[in-house]
Structure formats: C-alpha cells, structure tokens
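Asker: This is what each chain is made of:
There are 2 protein chains.
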Amino acid sequence: MSKHELLIIDDEAQIRKLLEITLHTNDFKTKEAVDAKSGLIMAATCHPDLILLDIGLPDESGHVVLRKLREWYTKPIIILSAHSSEDDIVKALDNGANDYLVKPFRTGELLARIRSSLRTTTSEIQKEILKYNDLQIDLTNRIVKKNNDVVKLTSTEYNLLALFVKNEGRVLTHSYLLREVWGPGYLDQLQYLRVFIAQLRKKIETEPNHPEFILTESGVGYRFVIKEK
Amino acid sequence: MSKHELLIIDDEAQIRKLLEITLHTNDFKTKEAVDAKSGLIMAATCHPDLILLDIGLPDESGHVVLRKLREWYTKPIIILSAHSSEDDIVKALDNGANDYLVKPFRTGELLARIRSSLRTTTSEIQKEILKYNDLQIDLTNRIVKKNNDVVKLTSTEYNLLALFVKNEGRVLTHSYLLREVWGPGYLDQLQYLRVFIAQLRKKIETEPNHPEFILTESGVGYRFVIKEK
DNA sequence: TTGTTCCGTTAAGATCTCTTCAAATTGAAC
DNA sequence: GTTCAATTTGAAGAGATCTTAACGGAACAA
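The listed protein sequences derive, respectively, from chains A and B. For the first sequence, this note's numbering gives the first residue as 60, with consecutive numbering after it. For the second sequence, this note's numbering gives the first residue as 60, with consecutive numbering after it.
Errors might be hidden in some of the hints.
What the hints assert, rightly or not - SDA-like, lysine to any residue: derived pairs with alpha carbons at most 25 Å apart:
hint: 1; chain 1: A; residue 1: Lys261; chain 2: B; residue 2: Lys225
hint: 2; chain 1: A; residue 1: Lys162; chain 2: A; residue 2: His63
hint: 3; chain 1: B; residue 1: Lys190; chain 2: B; residue 2: Lys162
hint: 4; chain 1: B; residue 1: Lys162; chain 2: A; residue 2: Val149
hint: 5; chain 1: B; residue 1: Lys286; chain 2: A; residue 2: Pro270
hint: 6; chain 1: B; residue 1: Lys225; chain 2: A; residue 2: Leu198
hint: 7; chain 1: A; residue 1: Lys62; chain 2: B; residue 2: Asp153
hint: 8; chain 1: A; residue 1: Lys127; chain 2: B; residue 2: Ser140
hint: 9; chain 1: A; residue 1: Lys262; chain 2: A; residue 2: Glu187
hint: 10; chain 1: A; residue 1: Lys205; chain 2: A; residue 2: Gln195
hint: 11; chain 1: A; residue 1: Lys134; chain 2: B; residue 2: Glu227
hint: 12; chain 1: A; residue 1: Lys150; chain 2: B; residue 2: Ser140
hint: 13; chain 1: B; residue 1: Lys286; chain 2: A; residue 2: Val210
hint: 14; chain 1: B; residue 1: Lys162; chain 2: A; residue 2: Leu170
hint: 15; chain 1: B; residue 1: Lys134; chain 2: B; residue 2: Asp108
hint: 16; chain 1: B; residue 1: Lys150; chain 2: A; residue 2: Glu168
hint: 17; chain 1: A; residue 1: Lys134; chain 2: B; residue 2: Leu222
hint: 18; chain 1: A; residue 1: Lys150; chain 2: A; residue 2: Glu71
hint: 19; chain 1: A; residue 1: Lys211; chain 2: B; residue 2: Ile285
hint: 20; chain 1: B; residue 1: Lys205; chain 2: B; residue 2: Glu266
hint: 21; chain 1: B; residue 1: Lys90; chain 2: B; residue 2: Arg253
hint: 22; chain 1: A; residue 1: Lys211; chain 2: A; residue 2: Pro270
hint: 23; chain 1: A; residue 1: Lys62; chain 2: A; residue 2: Ile80
hint: 24; chain 1: B; residue 1: Lys286; chain 2: A; residue 2: Glu187
hint: 25; chain 1: B; residue 1: Lys205; chain 2: B; residue 2: Asn192
hint: 26; chain 1: B; residue 1: Lys225; chain 2: A; residue 2: Glu187
hint: 27; chain 1: A; residue 1: Lys211; chain 2: B; residue 2: Arg253
Claimed, not checked - Pulled from the structure, derived: some chain A residues nowhere near chain B, Cβ distances all over 12 Å:
hint: 28; residue: Glu71
hint: 29; residue: Ser97
hint: 30; residue: Cys105
hint: 31; residue: Arg126
hint: 32; residue: Pro135
hint: 33; residue: Asp153
hint: 34; residue: Leu169
hint: 35; residue: Ile173
hint: 36; residue: Ser176
hint: 37; residue: Asp197
hint: 38; residue: Asn268
These are computed hints drawn from the structure, not numbers from a lab. A virtual CB, placed ideally from N, CA and C, is assigned to each residue, including glycine.
Make the full structure from the sequences, and use the hints.
Answerer: As structure tokens, then:
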C-alpha cells in the first residue's frame, strides 16, 4: 500500500495538529498550509492525492480557493467548515468539492470519507505502468512494450509475465507458477512452463538465449529480476 | 444534457414521494423499490446512474444490500439513514458508499451531493465530440459518423461503443462488457458479444475483417484503440 | 568418457476461440 | 393482428492458442 499524500489548508493550528496526528497514525503523509495563498502554491508544487480545505481562511474565502484549485486540480477536495448552512454546503459542492464536513467533525468519519473519496477517484485512473529499461508493462491496460513497440502476448503468456512482475526479485517455484497460471491440476506439467518461458523470452528479451529479465533457477523455478543500468 | 436515472430504495412511502418530486423537478428520472430484494433486482435490470439507498429496510439491512450491489455496481451509491452514529457512517462508507446523509436531510444539500457524486464518476468524458481519423463520436447527442456520414446504431450497439470509447486503450474482458451492457445476469452469453462486435465493426470499421479500432484479445476480451496517423 | 537429469527449442496436430451468416424469436409501433 | 427492427440463437468454417512429443545442449556425477 503506497502512502497517499494529503494537503491540509487550514489557519487554525489546533485543527492542523489534530489532523496531522490522526492522518499520520492512519498511514497518510501530510503537507500543511496556513492560508489561501500558500495553499494554492503548495497544491501546485506537491500535487497531493487529496486536499482538506478549510472554508474560513484569513486571506481569502475558501470558496474562491476551491474555484481556483478546480481550474486544474482533478483529485478530491474535502471541505472542512464551521458553517453548516445549506447555502454554504451547496455552493461548495457545486464548485467542485467532493465532500463537506462540519466542524467539529468526528475523526473516524473524516477518515472514512477520505478513504471513500480516494477510492472513487483512484480506481479509475490509477495507471500502473512499470518500466524496466526498454521493457514497459502496463498492468491496468494489459499492454506490454519492448523498445516502445507493442508486444503481442497471448493470455497465458501475459498471466505468466504479470505474475513475475508482481513478484519481482523472488524465486517462483515450478509448482507455484503452474498452480497460479494453469491451476492446481497442472502441477506436474513442467513442460508447459518450459515452452511458455521460452516464448516469453523470445518476445521480451533482447537476447533470448542470454536472458536479462527471466532467469532460470535450476531445479527450483524462475526469477524475474531488474538489473538497473 | 441527458437525464440521469436514479434508483430510490426506501420503504417509507413518504420519503419516496418527497424524493420523487424533488428529483423530477430537478431533471432527474427515477425508479423506485420498496425493499432490499426488489432494489437489487431493479438495479440489475435498469442500470441507474446513481442509487439512493435507505439503510433501514424491512427485509434486509442496507449494509448487506450495499455489499451485494458493490459486487458489480460501480456507479455512485448515496446512503440515506435515520442513524447518525459514527459506526454506521464509517461502515457504510468503507463498504463502498460514496456519501451518507442523515434523515431528515435538506433537499438542496441532497441535490448538491448527487450532482457532486455524478460529476466525479462521469467527468472522464467532457469532450463533446471525439474524432478518431474518419470516425466521429458525439457522446452527448449519441451520434456516430464515419466519413461524415451518420452511422445508424441500435441502442445496444451504441452502449457497447460508448463503453469502449470511455475505456480507450484498455482491454475490456468479456465478463466486464457483458455486465456493463447487458447486466450481471448475462455473464455467460459470450455469443451476444461476438455478434454485436461483428455488427459494430461492420458499421464503424473501414475494413471489418481487418479492424482498426476494435481489436480482439483472444481468450480475454476486446480493446478499443486509436492509431495515431 | 558415459550416463543421467534438467532445460531450451521447435513444430505439427489438437483444441479452443472467434467470425460470419442466417434463421428464429421477441418486442414495439401502428 | 401486422409489420418492422432489433435481439437472440445456432451452426460452419477460419483463426489463434495450447498441447504434445521429439531432439539437442548444458551441467554434473560416476
């Protein structure tokens, strides 16, 4: 689980401290800003995964900050506010806020709303593209490229490669690979593995007979490694 | 602006009536269900753009309904509940709810939260008209053109194409396509998919037997790609 | 050296999956 | 009910993928 970085924009030191402690104990990283101006700058420079924005800032209304952020910032913004009037809430939500919590808020609820917001916006986009020298693997789109050319893999070849990538650096035994890719009924079909390893190497290795990525661990299995150049 | 269709799952006739009136005057279409069982069936058959779910249903807990919905339903779910305990809220949000409103709620706020939820999940395609070489797709008006001639698509064909366009470059598995276009009860009707892919290709591809846009990923699904020329 | 074991490579046939066409069925509009 | 368009079903052939088996090479021990 990669740590999400949140930006807190709030002028009250007490609230910032509370948020910081709560968020850190729940595995989030935080950045903090005390007013609108520094908040906008910090959002632009550190690209947080989510912004907690106080609506009552000293230098400028949070509503204005929200509009300015939304000109370019597409990730979730949760409003924290002492005002609970319907007008404020509707205005904030229509200006692009993802959620609105009235102070004093319950920390458990805040955390759940943060998780919910992060979930909905990262599940769609969350592009997981891995690059190993001239080999590039896009796990969400199921695309593999070698020297920027798309490599056509069959479904079994892809499943095998994905398994290797997810266990980079680790030795995967013959039986583990067979079980995961073909199923528990194929534990003795070692030959399948040999054939498919050969095919994969032919497609993704620069020199298939001197493999750089898929190494043989004789008598045990195979290992996918990345040699940094 | 195309009308969004919302599904209301609530056992109180009074609330349903209130929601119906509020939503209709704000340009939403609604469907209604009075208990968990009919709610789940209706969600599966009419594919609403958002679900308003009461947590206190007569036949089954809303939490259970929420979990069952989230096994396949990916669009927003907003919880309406008489309970305001933090436990309930956190549980619902962590089970996949996008928002949680405590009854009695303010209708203006509800509407703003609905708009906010719909915005985040449909914001992907803001471009009005998409142009891919000689293929042109207008998602807001449901018009598709090939070489500037309007292509007549049936509703199923269009839904399929729209789904591809929204997920350009990504492999969409057979089951995903079947679930999104036909519904979760059609996961084994692979043949439907094959027939409709063929029809779509005949209509939008220059050479239907050498597809340029809709590519086959044998054993997995299909992928919509744009080859920059 | 010889034998053994493990691994890599290749290619042909078997099998699974996809495409295509067409007929049957459904459902909506009149 | 009739008509028409759309969807569903079925079936044959084409295509892609998997399976199998045969062979050669490398590593290692006797």
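Asker: For every hint, state whether the structure bears it out.
Answerer: How the hints compare with the structure:
Restraint check: the Cα-Cα separation between lysine 261 (chain A) and lysine 225 (chain B) comes to about 34 Å, which exceeds 25 Å; the hinted pair is violated. Pair hint lysine 162 (chain A) plus histidine 63 (chain A) holds up; C-alpha atoms about 23 Å apart against a cutoff of 25 Å. Straight-line distance between C-alpha atoms of lysine 190 (chain B) and lysine 162 (chain B) comes to about 46 Å, which puts the hinted pair past the 25 Å bound. Restraint check for lysine 162 (chain B) and valine 149 (chain A): the C-alpha separation of about 17 Å stays at or below 25 Å, so the hint holds.
As the CA atoms of lysine 286 (chain B) and proline 270 (chain A) are separated by approximately 31 Å, the hinted pair breaks the 25 Å bound. Proximity of lysine 225 (chain B) to leucine 198 (chain A) is assessed by CA-CA distance (about 18 Å); at most 25 Å being required, the pair is judged to hold. Between lysine 62 (chain A) and aspartate 153 (chain B) the alpha-carbon distance is near 18 Å, which keeps this suggested pair within the 25 Å criterion. Restraint check for lysine 127 (chain A) and serine 140 (chain B): not satisfied, since their Cα atoms lie roughly 34 Å apart, outside the 25 Å limit.
A distance of roughly 21 Å separates the Cα atoms of lysine 262 (chain A) and glutamate 187 (chain A); the hinted pair therefore holds under the 25 Å criterion. A distance of roughly 6 Å separates the Cα atoms of lysine 205 (chain A) and glutamine 195 (chain A); the hinted pair therefore holds under the 25 Å criterion. As the CA atoms of lysine 134 (chain A) and glutamate 227 (chain B) are separated by approximately 21 Å, the hinted pair is consistent with the 25 Å bound. A distance of roughly 23 Å separates the Cα atoms of lysine 150 (chain A) and serine 140 (chain B); the hinted pair therefore holds under the 25 Å criterion.
Pair hint lysine 286 (chain B) plus valine 210 (chain A) holds up; C-alpha atoms about 15 Å apart against a cutoff of 25 Å. A distance of roughly 22 Å separates the Cα atoms of lysine 162 (chain B) and leucine 170 (chain A); the hinted pair therefore holds under the 25 Å criterion. Pair hint lysine 134 (chain B) plus aspartate 108 (chain B) holds up; C-alpha atoms about 6 Å apart against a cutoff of 25 Å. A threshold of 25 Å between alpha carbons decides the hint, and for lysine 150 (chain B) with glutamate 168 (chain A) the separation of about 9 Å falls inside it, so the pair holds.
Between lysine 134 (chain A) and leucine 222 (chain B) the alpha-carbon distance is near 23 Å, which keeps this suggested pair within the 25 Å criterion. Among the hinted pairs, lysine 150 (chain A) with glutamate 71 (chain A) is consistent with the structure: their alpha-carbon atoms are about 23 Å apart, no more than 25 Å. Straight-line distance between C-alpha atoms of lysine 211 (chain A) and isoleucine 285 (chain B) comes to about 17 Å, which keeps the hinted pair within the 25 Å bound. Pair hint lysine 205 (chain B) plus glutamate 266 (chain B) holds up; C-alpha atoms about 12 Å apart against a cutoff of 25 Å.
Taking the CA atoms of lysine 90 (chain B) and arginine 253 (chain B), the gap is about 31 Å. The hint is violated against a cut of 25 Å. Note on lysine 211 (chain A) and proline 270 (chain A): the hinted pairing holds, with a Cα-Cα distance of about 19 Å set against a maximum of 25 Å. Between the alpha carbons of lysine 62 (chain A) and isoleucine 80 (chain A) the distance comes to roughly 15 Å, so the proposed pair stays at or under 25 Å and holds. Between lysine 286 (chain B) and glutamate 187 (chain A) the CA atoms are separated by roughly 22 Å; this keeps the pair inside 25 Å, and the hint holds.
Taken as a hint, the lysine 205 (chain B) and asparagine 192 (chain B) pair is honoured in the structure, with Cα atoms around 9 Å apart against an allowance of 25 Å. Of the pairs offered as hints, the one joining lysine 225 (chain B) and glutamate 187 (chain A) holds, with about 18 Å between alpha carbons and a cut-off of 25 Å not exceeded. Straight-line distance between C-alpha atoms of lysine 211 (chain A) and arginine 253 (chain B) comes to about 21 Å, which keeps the hinted pair within the 25 Å bound. No beta-carbon of chain B is positioned within 12 Å of the beta-carbon of glutamate 71 (chain A); the least distance is around 22 Å.
Distance to chain B confirms serine 97 (chain A) as a non-interface residue, since its nearest Cβ pair spans about 26 Å, more than 12 Å. At roughly 22 Å, the least C-beta separation between cysteine 105 (chain A) and chain B is larger than 12 Å, which holds for a residue marked as non-interface. With a least CB separation of 15 Å from chain B, arginine 126 (chain A) remains clear of the 12 Å interface cut-off, as annotated. Here proline 135 (chain A) does not stay apart from chain B, with its beta-carbon only about 8 Å from theirs, under the 12 Å limit.
Interface exclusion of aspartate 153 (chain A) from chain B breaks down, the closest Cβ pair being 6 Å apart, not more than 12 Å. At roughly 10 Å from the closest C-beta of chain B, the C-beta of leucine 169 (chain A) falls inside 12 Å, breaking its exclusion from the interface. In this structure isoleucine 173 (chain A) is not separated from chain B by more than 12 Å, as the shortest Cβ-Cβ distance comes to only about 9 Å. At the 12 Å boundary, the C-beta of serine 176 (chain A) falls inside the reach of chain B, the nearest C-beta of that chain being 8 Å off.
Interface exclusion of aspartate 197 (chain A) from chain B breaks down, the closest Cβ pair being 9 Å apart, not more than 12 Å. The beta carbon of asparagine 268 (chain A) sits about 28 Å from the closest Cβ of chain B, which is more than 12 Å, so the claim that it is off the interface holds.
Consistency note: the structure conflicts with the earlier hints numbered 1, 3, 5, 8, 21, 32, 33, 34, 35, 36, 37.
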